Amino acid sequence: MNILQIENLIARYNLLFVNTVYIILIFAFMMRGAFTYDSKKISHKALTDLEDSYIQKIEFNLLYNFMRTATSLTGYKHTDSAKGKMIKRFEDKTNHPFWSKHHSDSAKSLISKPGVLNPMYGKTHTEETKKLLSEKKMKHPHGVGIYDLHGDLVKRFNCNVDLADYLNISKVTVGKYLNSGQAYKNRFDFKVNPC
4 MNILQIENLI
14 ARYNLLFVNT
24 VYIILIFAFM
34 MRGAFTYDSK
44 KISHKALTDL
54 EDSYIQKIEF
64 NLLYNFMRTA
74 TSLTGYKHTD
84 SAKGKMIKRF
94 EDKTNHPFWS
104 KHHSDSAKSL
114 ISKPGVLNPM
124 YGKTHTEETK
134 KLLSEKKMKH
144 PHGVGIYDLH
154 GDLVKRFNCN
164 VDLADYLNIS
174 KVTVGKYLNS
184 GQAYKNRFDF
194 KVNPC
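Quick note, the sequence shown lines up with residues 4 to 198 if you use the numbering used here.
In case anyone wonders, no lab produced these hints; they're calculated from the structure.
Quantities reported herein were computed from a predicted structural model and do not represent experimental measurements.
Don't take each hint at face value.
[Unchecked claim] SDA-like cross-link-like pairs, simulated, lysine to any residue; straight-line CA separation at most 20 Å: (1) K174 x K188; (2) K126 x D108; (3) K194 x A167.
[Unchecked claim] Estimated spans, in silico, between C-beta atoms of each pair: (4) M89 x G118: 33 to 43 Å; (5) D155 x S183: 15 to 25 Å; (6) S103 x L152: 40 to 50 Å; (7) H153 x M89: 41 to 51 Å; (8) P117 x M141: 40 to 50 Å; (9) K194 x L136: 17 to 27 Å.
We treat Cβ as the ideally placed atom computed from N, Cα and C, and that holds for glycine.
Assemble the whole structure, with the sequences as input and the hints as a guide.
What follows is the structure in structure tokens.
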């Protein structure tokens, strides 16, 4: 395989270079970059320069989410073109590299941040934040209501759960009646509130 073929293969597979002591490439081929240190200490600059040399060989018109230099992505904003490429690539869910795969228990333990490692450890959300989070998750932002069989509003609620609590029934039951359009106990309709 010559260098041109390798460069084109790199461009096609959207490689992610990890700025660590080792540059890991998991593909049908292996590329090695050798360099020597002037001292025995690890040189961040030497690794960054090596990574830059590989990155410069990539055709950027085929890629997204790539910086042209091996530096931090902090503050980077995706262009509309890059967003379009990301959307197009995963329109078919089976194209995703993790499709039908699952993390092993050991991988999950490496990912998780229990106890003091978790950024929310020992903290609680304020009531205002909890309310904002709840509003963002609402399926029906204008709420739901109980209507009589003539279509007149009896009582308005912020969400299914509030309506379920009011009637002392399950939120699943409320959802079923909302979706089916059937009358609850032949007396009331559950409807999504209009704007």
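Now for the hints, and whether the structure bears them out:
1. Restraint check for K174 and K188: satisfied, since their Cα atoms lie roughly 16 Å apart, inside the 20 Å limit.
2. The suggested pairing of K126 with D108 is violated, with an alpha-carbon distance near 27 Å, which exceeds 20 Å.
3. Straight-line distance between C-alpha atoms of K194 and A167 comes to about 13 Å, which keeps the hinted pair within the 20 Å bound.
4. In this structure, M89 and G118 meet the distance hint of 33 to 43 Å, their C-beta atoms being roughly 34 Å apart.
5. For D155 and S183, the Cβ-Cβ distance of about 20 Å falls inside the hinted range of 15 to 25 Å, so the restraint holds.
6. For S103 and L152, the Cβ-Cβ distance of about 48 Å falls inside the hinted range of 40 to 50 Å, so the restraint holds.
7. In this structure the hint that H153 and M89 lie 41 to 51 Å apart at CB holds, the actual value being about 50 Å.
8. Distance hint check: the CB atoms of P117 and M141 are about 30 Å apart, inconsistent with the given range 40 to 50 Å.
9. Range check, K194 to L136: Cβ separation about 25 Å, and the 17 to 27 Å hint holds.
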